[in-house]
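S.K.: Residue numbers (this note's numbering), protein chains in the order written: chain A, 1 to 142; chain B, 143 to 263.
It is possible that part of the hints are untrue.
To be verified - Derived SDA-like pairs (lysine to any residue); straight-line CA-CA distance at most 25 Å:
(1) A:130 to B:215
(2) A:91 to B:215
(3) B:210 to A:50
(4) A:70 to B:210
Read the hints as simulated data drawn from the structure, not as lab findings.
Small disclaimer: the values here were computed from a predicted structure and weren't measured.
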Amino acid sequence: MKLVKYDYSPYRDPFAALDRLFEDSFFGFDRDLLNARTSNPYQDQTLRVNVSEDENAYFVEAQLPGFTKKDVEVELENAVLTISAERKQKKGDHESVEKRSRSITVGEDIDSNKVSAKIENGILTVTLPKTEERKPKSITVL
Amino acid sequence: MSTTLCKPSEEAEAVRYRRPVYSVEENKSEYVVAIRVPGCTKDDIQIDFDKDVLSVRTNRSTQDSNRKSLHREFSESNYELKLNLNVRIDSDKVNAKTEDGILRVTLPVAEEAKAKQIAVN
């Protein structure tokens, strides 16, 4: 399974990758200087994903706190999996929109008709079953 | 958003805890702290309110899985947030709920700390 780089748009924070690197190296570290950033949840627009596999399927997990089923769209086209999420929030009389999306390239060895997705406690899990021929088989010796 | 209400606590945090992303909303009678704890259920979350410090910690049991990780951008570590509150809070009325991976803690301002209008005689 191959993965493409983060898809950045000019509207996104160009330092997000650097911040993430920093955060990942020093997670748990109390960063007073960076609190202005961390205390604003709408700045971190990158949709982070974890990818794992077992014998039968690949699993793509994404962090989408606050999003519900109706806010999320998952699409698989030409071996590119795209997750798009959008939700509206009302704060008093003004409304804000939070948008996140991410595309990753997945292998050709996926049974695209059986792809499923669920969202639970702010974590989206997309299950991509492997095609039959890719699953490990035990061969009996005659 | 109040910048004076919440200052991060000076206490050192254990390395295995991650500081969650949070926001604070303020209105006349209460503060609402929205903390992003994706993947946590209400049973995983422990909230303590001690004097002026609100601490939120998650204790997620690590899932036993036979999945092999291929690519990781976020960790499933637990979250910890300590906020020093410089406004008196009515600690009996603090309440919290989780929804879709966001924990909302409502902190009602104590009666004696509320702004009062003083009539001019």
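S.K.: Now tell me, hint by hint, if it's right for this structure.
M.R.: Verification of the hints:
no.	hint	result
1	A:130 to B:215	23 Å, holds
2	A:91 to B:215	30 Å, violated
3	B:210 to A:50	11 Å, holds
4	A:70 to B:210	30 Å, violated
Checked against the numbered hints listed earlier, the structure breaks hints 2, 4; every other hint is satisfied.
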